[in-house]
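*Asks:* For reference, the chains in residue letters:
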Amino acid sequence: MDKSILILDKGTRCTAWNYSGQRLVAGLDDGTVVIYDSTDPASSTFISTSRFKARESSITKVVWVPPEYGDAVACISDDGKLSLWEEVTEDTEEHHWKMRKCFDGITSQVLDVQFGDGQTCLKLVAACSDGQVKIYELLDTLELEKWQLQAEFQNVIDLVSKFGNATCVSATISWNPQRSEGRQSSFVLGYSSNTPALNSPKVWEFDLDHQRWLPVAELSLPDDQVDEVYAVSWAPNIGRPYELIAVATQQGISIWHLGSNPEPDGRLSTQNVAMLSSHDSEVWEMEWDMSGMTLATTGSDCVVRLWQSNLNGVWHEQAVLAPAG
Amino acid sequence: MPGMTSDSGEFNSLSIVPHSVETQTPRVYPLRTRRVAAPFPRLSITWARGNTLRVSLLQPGSEQNPGGEVVEVKLSNADGAEIADAQWRRIAYGSVHPYALLQSRKNSVDAYHGDKDWWEHVMEYSKEINSLLGDSKSSVTPTIEDPKTVLNIVEEPTSLKAAWELMELFYADKQSWTWIPERLLDWLADFDCLFSATQSTVHARLVVFQKELVTIQTVENVPDYWEVISSALAVGWLDVVVKLLRLHGSYQLDQLGSRELENGLVEAVAVLISQMPRLRPDLPEENLGECYNTKPEFMKAWEKWRAQITKLDCSSYWLQCDHQQTRVGLKNMLQIMLGNANTLSNVTYHWIELYISHFLYIRPFTTGLESMFTLAQKCMHLKPISNHHKLMGLLVGILEENTEVILAECSRSFGPWMITHAIELLTAGSTQAEILLHDEQSKLGGICIEELHRLIYAQILSSHALTWNIAPIYLTSCSKQGLGLLENLLYKQPVHHHQVLLKSIEICRLNGLDYVGHDIMKIAGVHYWKHGKKGSAVFWLQQAQDEVRLNRIAKHLFDFVGKSVSDESFKQWEGMIELLGTESKTAGGLEFLKKYRDFRRSLQQVQEGTTIDEARKAAEALVSLMRNPSTPQQFWLHIIHDSLKLLNWKECPLLNVSQTNLLLNKLQELSFARLLPGFVDADFPPEALKCVRLALATNLGRSILDE
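Here the protein sequences come in this chain order: A and B. Under my numbering, the first sequence has 60 at position 60, and the numbering climbs by one with no breaks. One gets my numbering by counting positions in the second sequence from 1 and adding 1000 to each.
There could be a bad hint or two in this list.
Each computed DSS-like pair below joins lysine-lysine, with the alpha-carbon atoms no more than 25 Å apart [as the list claims (entries may be wrong)]:
{"id": "1", "chain 1": "B", "residue 1": "Lys1594", "chain 2": "B", "residue 2": "Lys1533"}
{"id": "2", "chain 1": "A", "residue 1": "Lys146", "chain 2": "B", "residue 2": "Lys1555"}
{"id": "3", "chain 1": "A", "residue 1": "Lys3", "chain 2": "B", "residue 2": "Lys1074"}
{"id": "4", "chain 1": "B", "residue 1": "Lys1295", "chain 2": "B", "residue 2": "Lys1311"}
{"id": "5", "chain 1": "A", "residue 1": "Lys101", "chain 2": "B", "residue 2": "Lys1533"}
{"id": "6", "chain 1": "B", "residue 1": "Lys1555", "chain 2": "A", "residue 2": "Lys98"}
{"id": "7", "chain 1": "A", "residue 1": "Lys61", "chain 2": "A", "residue 2": "Lys98"}
{"id": "8", "chain 1": "A", "residue 1": "Lys98", "chain 2": "A", "residue 2": "Lys10"}
{"id": "9", "chain 1": "B", "residue 1": "Lys1555", "chain 2": "A", "residue 2": "Lys101"}
{"id": "10", "chain 1": "B", "residue 1": "Lys1645", "chain 2": "B", "residue 2": "Lys1595"}
{"id": "11", "chain 1": "A", "residue 1": "Lys10", "chain 2": "A", "residue 2": "Lys61"}
{"id": "12", "chain 1": "A", "residue 1": "Lys146", "chain 2": "B", "residue 2": "Lys1533"}
{"id": "13", "chain 1": "A", "residue 1": "Lys98", "chain 2": "B", "residue 2": "Lys1533"}
{"id": "14", "chain 1": "A", "residue 1": "Lys10", "chain 2": "A", "residue 2": "Lys81"}
{"id": "15", "chain 1": "B", "residue 1": "Lys1534", "chain 2": "A", "residue 2": "Lys101"}
It should be emphasised that the hints constitute simulated quantities derived from the structure, not laboratory data.
Let the hints inform the model, and build the full structure from the sequences given.
*Replies:* Quick look at the structure:
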């Protein structure tokens, strides 16, 4: 059943739903951010409830902060600036949106940002146009103003090599959605840049003993020259003995199994279980459903594709949703 | 789009259930928009709860058009889209209890050793589920009141019910095994109408004939009459046949005299039909035939009955019957009863009707699925059909004992609700199916097929705000991944809605997911805190035992209380402090606030000028407050200054030497701390400090003298 639930404001560039699917944030061409809300949990009628001007230039990406830290969104604008806005109600006023933090310390352009590890300490990964990955940590659980740069590195397996003059067009980050406290926080990150070594998606894990981030796996085949990584998506794991990550590159969508236990060299075993051709050229977004069984993708052919593994473990395209008309 | 078949219609057939077969090209489903039109430069996707996908279709800016539209797509309905939403929810809710009861019986060892066989429990379950799927009144029950009404047209049953009854009779009902052909006959009587939509059936013919009947004067002259009668006889609807026969013109009083012989033949056939031996324990009241429980008895009666038919068939009366249509028609009926295969084939339409007629008149002793399947194949060969009804796929799967086909048909044609619930029947009735369904498969991430289907069904339940709360029942019956999915489901609940929050916490509590419950309460607490509902925030954070945030809030309160300590505005925090103190296991800082509140109260009483006992009590509170390591530094001076009255108590010193020393030490500590970075200045006037020092010194002197 398909049903139209919301009409977006003129000039909408990007949208994001919050954790419960009850609020939508939209970033507009003129730097405005619009919030749409549903009135009660059973209804699927949404109305615009707030709007505020976040930047002077167009908003290209909006990301919700995990709900344990309030109702807040991070906005990336056309000029690569990252800012953090929060909805608050002070004293007797109506609720309103307040800028909590502008990450002016990042001199290069921010291409993608994702929040993770909400259980212990909120972390923010920002992938920048110079190939640097910056990880910030929230210092105070109730205040979104105070962030500390925890780490900064390039997306390379060999930690010694440095690529000084990398130019990146886009980046994609996906945190391991696992919430249990015992796990180390980890995410996967890939680039589209002129430096192949930076591009291939790598899985980064925080090493508690040495208090640093380590690349624990690389999701590309040995003789594969990864030109551009369009999107990565880490599937929710509801009990599988391995992790599941989807990677979209120029060659298509590949599905990877990632082992849970490290090998003697500290790396996690990887296995490419499917290579799916799709979307003619660029893949825009990939999203796993809540069970991690179905992958939805969109791309430059302007359709939504649904992918699934059948009972024999073979991945295939299950359906295509195409805008009518 | 090349290589893709386009679909005009609904998402009903869009299945997100994995099958083992099919790797055909994916189907294309249209996303219909209201206000915007393609092309869209950008699509954005998000999964909402369950298997709901939301697609943002963004369009380039122009003056007239909006910026885009969000379309919500629910992927595959639970019921295969035959049933209206509200009715389907009624079924979904109704099936929870029998399902849960069966699961709990399965888990208790007694079920296997109790006085009931396992299949009896399954039967109980099956009956309850079946009753949810609609009224089981047979559509071919004749009504007696109106002689011209041979068929009672009731509301059309659903294929879902038909499928459920098939599963029940083949897998759950062990008692029906000896008379399965008769069970199939009953089944067809109830559901033959379902096949009428796509092709001609006996039921459809009867319906049409019944409409004509009102206008017909002498039925026996109409060829349709005899055709319909033969068809109904072939599929065993004996009561309909007898009723139709009695409409024969020879029964009319004015004709009885002239058509006595003809009437005798009609009646003889009618009597023979109503005496037909049936291999079944009993018959519904309105149905005809004589029941025999055991094979030998039945065989004896059957042979006797057939002999009577043969005798009638060979009788010389036929030659004297003048009415040709009656003679031919009745003779044809005798051929049916004698099991003439050609005649049976001529009077039936659908292969399943032919199949039933074979059971009735040619092979009444057919047992065992293998021979039943062979016969079905033969009938399908004789009556090929172009348009396969989904029930046929299921029936063939059952007959050929192919569990994979049954599963595929169940899930594809009847939806996840059906397969999740029917698996219970399947595993109870077939060892092969049980092995297949319970075998853990590494390709599925270590779960078995049974669990996979439960997960999928639960995910569909989760898609809707009115059904998500029954999903946990199904998830908890999934041993491997159920709780994982339940966690994800709970994390997606909009917890700032109070009812949803309470329900989620309840589900967490029932399923031992306390840590998830805590996270949910944490989310709620933070939401309230940020939105100015500070009391609710503290309450939920306390419930969540979130010490980090509570300490943080306590610090916030100190800052506030600290600034206005002598102020009346402290009162406005009293309620909150009261709330903070109700839980025994609160963070240290909050505990201080409660003690501080108590101290201020006792101080207030002292100011009202009462007894020394009260003053002593206040002094004790003061000392305990100052001893408490969680009392923040910034409060020390304020507390002592507030207690000047106690220190300067006229009658006697209220503090002894060591207690006074404690306070002096605190003062000293404070002056050292002033030098350290991060010191919070209490904003205290120097004169007040002097007063404090003086009071303490005086008190020390007095207490030394005292001791």
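*Asks:* Next step is simple, just say for each hint if it's right about the structure.
*Replies:* Outcome of the hint check:
About 20 Å separates the Cα atoms of lysine 1594 of chain B and lysine 1533 of chain B, which keeps this hinted pair within 25 Å; it holds. For the suggested pair lysine 146 of chain A and lysine 1555 of chain B, the alpha carbons sit about 16 Å apart, so the restraint of at most 25 Å is met. With a CA separation close to 9 Å, the supplied pair lysine 3 of chain A and lysine 1074 of chain B stays within the 25 Å bound. For the given pair, lysine 1295 of chain B sits about 24 Å from lysine 1311 of chain B by alpha-carbon distance, which is consistent with the 25 Å threshold.
Pair hint lysine 101 of chain A plus lysine 1533 of chain B holds up; C-alpha atoms about 24 Å apart against a cutoff of 25 Å. Distance hint between lysine 1555 of chain B and lysine 98 of chain A is fulfilled; the C-alpha atoms sit about 22 Å from each other, no more than 25 Å. Taking the CA atoms of lysine 61 of chain A and lysine 98 of chain A, the gap is about 18 Å. The hint holds against a cut of 25 Å. In summary, the hint linking lysine 98 of chain A to lysine 10 of chain A is supported, as the alpha carbons are separated by about 23 Å, within the 25 Å threshold.
As the CA atoms of lysine 1555 of chain B and lysine 101 of chain A are separated by approximately 22 Å, the hinted pair is consistent with the 25 Å bound. Of the pairs offered as hints, the one joining lysine 1645 of chain B and lysine 1595 of chain B holds, with about 19 Å between alpha carbons and a cut-off of 25 Å not exceeded. Distance hint between lysine 10 of chain A and lysine 61 of chain A is fulfilled; the C-alpha atoms sit about 16 Å from each other, no more than 25 Å. With a C-alpha separation of about 23 Å, the suggested pair lysine 146 of chain A and lysine 1533 of chain B falls inside the 25 Å cut-off, and the hint holds.
With a CA separation close to 18 Å, the supplied pair lysine 98 of chain A and lysine 1533 of chain B stays within the 25 Å bound. Taking the CA atoms of lysine 10 of chain A and lysine 81 of chain A, the gap is about 22 Å. The hint holds against a cut of 25 Å. For the proposed pair lysine 1534 of chain B and lysine 101 of chain A, the alpha carbon gap of about 23 Å is at most 25 Å, so the pair holds.
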